[in-house]
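A.B. asks: In this text, residue positions in the sequence shown follow this note's numbering: the first is 5, and each later residue adds one.
If you're looking for bench data, these hints aren't it; they were derived computationally from the structure. Just so we're clear, the structure is a prediction, and the values are computed from it rather than from any experiment. A portion of the hints provided could be inaccurate.
What the hints assert, rightly or not - Once the Cα atoms are required to be at most 27 Å apart in a straight line, the calculated DSS-like pairs of lysine-lysine come out as:
1. K526 <-> K325
2. K170 <-> K480
3. K170 <-> K74
4. K480 <-> K458
5. K458 <-> K74
6. K480 <-> K325
7. K467 <-> K480
8. K170 <-> K467
9. K480 <-> K526
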Amino acid sequence: MNSVNALEQRNGRLLLLIALALLLMLTGVAIISRPITPIDETRYLGVAWEMWLRGDFLVPYKNGEPYSHKPPLMMWMFHAGWWAFGVNAWWPRLVSPLFSAGALLLTYRLARRLWPRREGLGGRAVVVLMSCLVWAILSTWIMFDVMLAFFALVSLHGVLDAAEGKRLRGFGLMGLGLGLGLLTKGPAMLLHVLPVAVLAPWWRPGLRWASWYGGVFLAILYGAVIVLLWAIPAGHAGGVEYQHAIFWGQTADRMVESFAHQRPVWWYLVLLPALLFPWFVWPCLWRGMSQYVRHHLDEGGRFCIAWALPVFVVFSLISGKQVHYLLPLFPAFALLVARVVAGGRRDEKRGSELALPLLIIALLGVGLLLVGTGHIPLDIVSLPAPSLIAGGGVLIASSVITYLWHRRSPRSLVMLGLAGASVPVVVQLATAPFIYPTYDVRPIAQAIRQIQDKGGWVAHAGKYHDQYHFFGRLQKPLTAMPVEELSAWLLHHPQVWVVMYIRDTRLLAAHQAVITQPFRGKTAVLVDAATAQSLLTRLQALPPSD
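Hey, can you work out the whole structure from these sequences and the hints?
C.D. replies: Here's what the structure looks like:
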């Protein structure tokens, strides 16, 4: 029995290394296949740059104004790398992958703690997590949610410590994770930890309720103290409006805004097959899940259900929905998949078990082939695209090879994980020739910097999301003017230069721009005031359908 456990432990460590290698590969592919993209990534990088430029590490700034939408922890991570290596674009692109690697290690350890008699579960869980489509993609984006998932895992390890009798250490670790999570993305952090803590008497029977909930309350207070150590001096430094925003706007105002942008209650449910691809379409999983929940649900399974299900329901009921809001729940799903499959080894070895997910991967490859050859027309592809054709061929070949290989050596979970991870790799490489020109803001950002260096004044038509500040290393804000007010404003500011966005490039005929470049389905132009006025007149003359 000991030799079996030792073998399982070695296999688990090998799978952990495979998951980390997948993360490393995905990070490299993301860096070479797509730029730092507007609007979210460039905005957060621009905010970090403005803080660095001001030497103000308390209050985030966006286009010269205090930015209250997010706390500063991720920006501090950028600053740490800039302090060590100088201001650069590559370090911020490594922050999320580093936290993703930390989340893999914490998930691996959590599996061993929840199911100590099943040594190999941790390795299987991290392979599942790293090959989930959304986790694989967002692990390489400049976003807050992978960091939030990491700190949620830190807190959940604390909850488990406390449930095992190590109360001081456990609730201290829970509070530390809560505080750092609050500094990452605000009050959303509480939602990812408190359900597990509140439902602890269900997944760990025998807890003394009074002392348990008292400890949970103290952990929340500890987390609140951590975030207040930043919020109080930041609120004082940022002024009354900023103070109101970080103490009130992060909660009540966000809820009001959430309900103002409604998506239906079933939106997440419909997206689950894509979010959790390829695992959601694996028949072995759902057959095993049914048996596990009905007959073999153990403490570890209840822990994961208490972690994921209440949060999923709450996010479904709140009208404001984004895919990345669910990212901290993915480790819970990965742990459940690993546990369920471990209990159904015979199902895992059936040759037909991989047919459906591999068929979907092959069909995606066919789709890339049809787009690349022009049989499915897309606006961004006007000529045969070798990268799309090659990518489609790779996905089809990988599906066939994986299926044939599985029949000789049945290891469904690992093979499906590798096949699933190939999808974001291949798709990003195949679409890079079209994505890069459309989302790379460096040319226009540097043109703005040149005008500002000469003493010029640059305005922005419509809301400005700080997308040019970092790559232009801008030291002055842009004047953001609503498009409907821009024409009248230009009459009084004839010396200004304007960044505008147009759909029909024919409007540029007989006009000269400092620079033009594709931008998220439109064309961004940098023009003088007279040209901007002429373009506005022509835009107003267009029929409404244009």
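A.B. asks: State for each hint whether it applies.
C.D. replies: Hints and how they fare:
1. K526 <-> K325: Holds, at roughly 26 Å.
2. K170 <-> K480: It is violated: about 53 Å lies between the C-alpha atoms, which goes past 27 Å.
3. K170 <-> K74: Violated, at roughly 33 Å.
4. K480 <-> K458: Holds, because 12 Å separates the two Cα atoms, which is no more than 27 Å.
5. K458 <-> K74: violated, 33 Å
6. K480 <-> K325: The hint is violated at about 34 Å.
7. K467 <-> K480: Holds, at roughly 16 Å.
8. K170 <-> K467: violated, 51 Å
9. K480 <-> K526: holds, 25 Å
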